[in-house]
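The listed protein sequences derive, respectively, from chains B and Z.
Position 147 of the first sequence, counted from 1, bears residue number 156 in my numbering, the numbering being contiguous throughout.
Position 235 of the second sequence, counted from 1, bears residue number 244 in my numbering, the numbering being contiguous throughout.
Simulated from the structure, these hints should not be mistaken for lab results.
Every value quoted in this text rests on a predicted model; they were computed, and no experiment measured them.
Heads up, some of the hints might be wrong.
A pair counts as met if it fits within one copy or between any two copies, since identical chains are not told apart.
[Claimed, not checked] Under the rule of at most 25 Å between Cα atoms (straight-line distance), these lysine to any residue pairs were calculated in the SDA-like manner: (1) K46 - D231; (2) K72 - P262; (3) K38 - G263; (4) K38 - E234; (5) K46 - P255; (6) K72 - N83.
Chain residues, written in single-letter form:
Protein chains: 2
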Amino acid sequence: MQRIEQHASFGGRQEVWQHASSRTGTDMKLGVYLPPKALAGEKCPVLYWLSGLTCTEQNFITKAGAQQFAAGHNLIVVAPDTSPRGEGVPNGDAYDLGQGAGFYVNATQQPWTKHFQMESYIVDELPALIEAYFPASPARGIFGHSMGGHGALTLALRHPGRYRSVSAFAPIVAPSIVPWGQKAFKAYLGDDMAAWRAHDTVQLIAASAPGHRLPLLVDQGDADEFLATQLKPELLKAACEQVGYPFTLRLQPGHDHSYYFIASFIADHFAHHAQALG
Amino acid sequence: MQRIEQHASFGGRQEVWQHASSRTGTDMKLGVYLPPKALAGEKCPVLYWLSGLTCTEQNFITKAGAQQFAAGHNLIVVAPDTSPRGEGVPNGDAYDLGQGAGFYVNATQQPWTKHFQMESYIVDELPALIEAYFPASPARGIFGHSMGGHGALTLALRHPGRYRSVSAFAPIVAPSIVPWGQKAFKAYLGDDMAAWRAHDTVQLIAASAPGHRLPLLVDQGDADEFLATQLKPELLKAACEQVGYPFTLRLQPGHDHSYYFIASFIADHFAHHAQALG
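Modelling step: build the complete structure from the supplied sequences, incorporating the hints.
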């Protein structure tokens with residue numbers, strides 16, 4: 010682990026780190042916000058942020074206005090890159106496949122298998138690293154935006170007990186049936202639809218065991234340019250209602266898919282996570 | 010005036026506009042944040058933000074976390090570009106001269122005179138446009154960062170009565186005697202040192218008339234990489250003390266020159282301006 014940036018921020022410190030990942034076989038970068046208590050050496054819960062298509066570790070840390078709330082709640086916030094990158098790493102034909110578009114799954118198909126192991130990276134390697142290098146308690150929350158909202162929801166649902174809280178902004182909730190998800194899943198997971206369903210929030214909700222249900226908080230702009238074609242929050246609402254899954258969906262009038270939307274409501278997401286993470 | 014971006018943000022709207030400027034002879038872009046009251050048609054005071062070297066109209070509106078406070082105080086916030094740009098506009102040999110480095114002066118030297126008229130643009134053309142196109146009251150405040158902190162301080166001091174409040178983050182307070190300022194002033198204003206002093210905050214403070222003294226609020230990180238070579242806040246402090254100019258300088262421990270520094274203290278600057286613009 011090598012620190013490549015550090016900036017004082019709201020009484021804490023925004024850092025950027027780089028490390029050689031055993032899961033992706035590449036150097037991975039991540040933003041780490043250390044709140045005042047962590048700088049003083051006290052153990053703090055960790056909130057993981059997963060970004061959307063095209064993003065690096067920079068987007069969230071520069072645009073979301075998260076640090077003031079991370080400081081206020083004394084949460085460490087970790088914002089990893091969205092995929093492996095670099096020469097020798099395969100790439101897609103557009104912004105929605107390959108570098109910048111890891112979709113938080115472990116690829117089983119060529120040429121992606123060697124590097125695109127983002128689920129293992131986020132769920133296993135990264136928390137082990139964070140908990141070894143920083144004053145991090147084992148209390149973990151996870152949230153994200155768009156492709157990263159899909160990541161947060163599916164990783165929390167697929168790994169019961171691993172996270173104590175989850176939320177999302179404009180998540181891709183039904184990747185199996187929308188163009189972004191279908192393109193990525195076909196490439197990374199192949200043609201077997203059962204494998205797709207295992208990474209589809211709507212399908213995971215339907216199959217979830219009543220004992221391990223983390224309440225979901227989802228914000229969605231009603232002027233989001235991807236609402237009808239890629240996001241379809243009504244499918245998540247229906248799935249939650251069908252099985253009685255605890256779920257808050259807030260349709261935010263006039264809001265689009267941008268970080269202006271995220272910044273407007275991030276205070277509420279921090280409050281949601283802080284309550285669960287204590 | 011043509012609107013090229015709009016995003017819902019904290020109950021108001023972050024917009025980006027473009028217009029053909031008569032002063033710079035180019036198309037100029039600017040960020041405009043409209044708080045909830047302005048969207049409802051009520052006239053609101055206008056706070057002008059001037060950015061630093063290399064910045065466009067985008068840096069402040071995406072990174073400063075200003076919208077929540079603009080919304081809370083119901084201030085319109087206008088963030089213009091830092092210079093004319095485009096083909097046919099002269100440029101310097103580096104980031105600190107020419108495009109992205111207008112220094113908020115009216116150039117008197119070739120090849121800069123035709124387009125680099127940033128003082129007139131900011132002080133005259135821009136407010137006239139804002140007050141014609143938006144529900145803006147005539148109450149104006151001005152603030153900025155680094156080169157833009159220099160801009161805010163000098164424009165407020167050079168145009169008494171034009172602004173009701175002023176503040177700055179890490180301003181260049183003595184451009185006549187530091188490398189950034191000397192390079193720009195030599196190019197834009199020529200070799201006459203009297204012309205330089207007329208755009209130098211420390212010199213303007215020394216010459217200021219007691220009747221028109223807007224209290225200055227200045228934040229400065231003590232880990233700022235440009236502190237000793239380019240910024241020298243101690244010279245502003247000495248000048249203010251010598252003539253009894255009302256002045257608050259806050260040295261912020263551990264803070265650097267970045268937008269993480271600006272975001273950490275922008276709430277206080279909004280409170281400072283809101284009190285005067287109220």
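These are the hints, each one checked on the structure:
Only between protomers do K46 and D231 lie at most 25 Å apart by alpha-carbon distance; the minimum there is 22 Å, versus 37 Å within a single protomer. For the identical chains of this complex, K72 and P262 are neighbours both inside a copy (21 Å) and across copies (23 Å), given an alpha-carbon limit of 25 Å. In this assembly of identical chains, K38 and G263 lie within 25 Å of each other by CA distance solely across copies; the values are 23 Å between and 34 Å within a copy. Proximity of K38 and E234 under a CA criterion of 25 Å is satisfied inter-copy only: 24 Å between copies versus 29 Å inside one chain copy.
Proximity of K46 and P255 under a CA criterion of 25 Å is satisfied in neither setting, with 32 Å inside one chain copy and 36 Å between copies. Proximity of K72 and N83 under a CA criterion of 25 Å is satisfied in both settings, with 20 Å inside one chain copy and 21 Å between copies.
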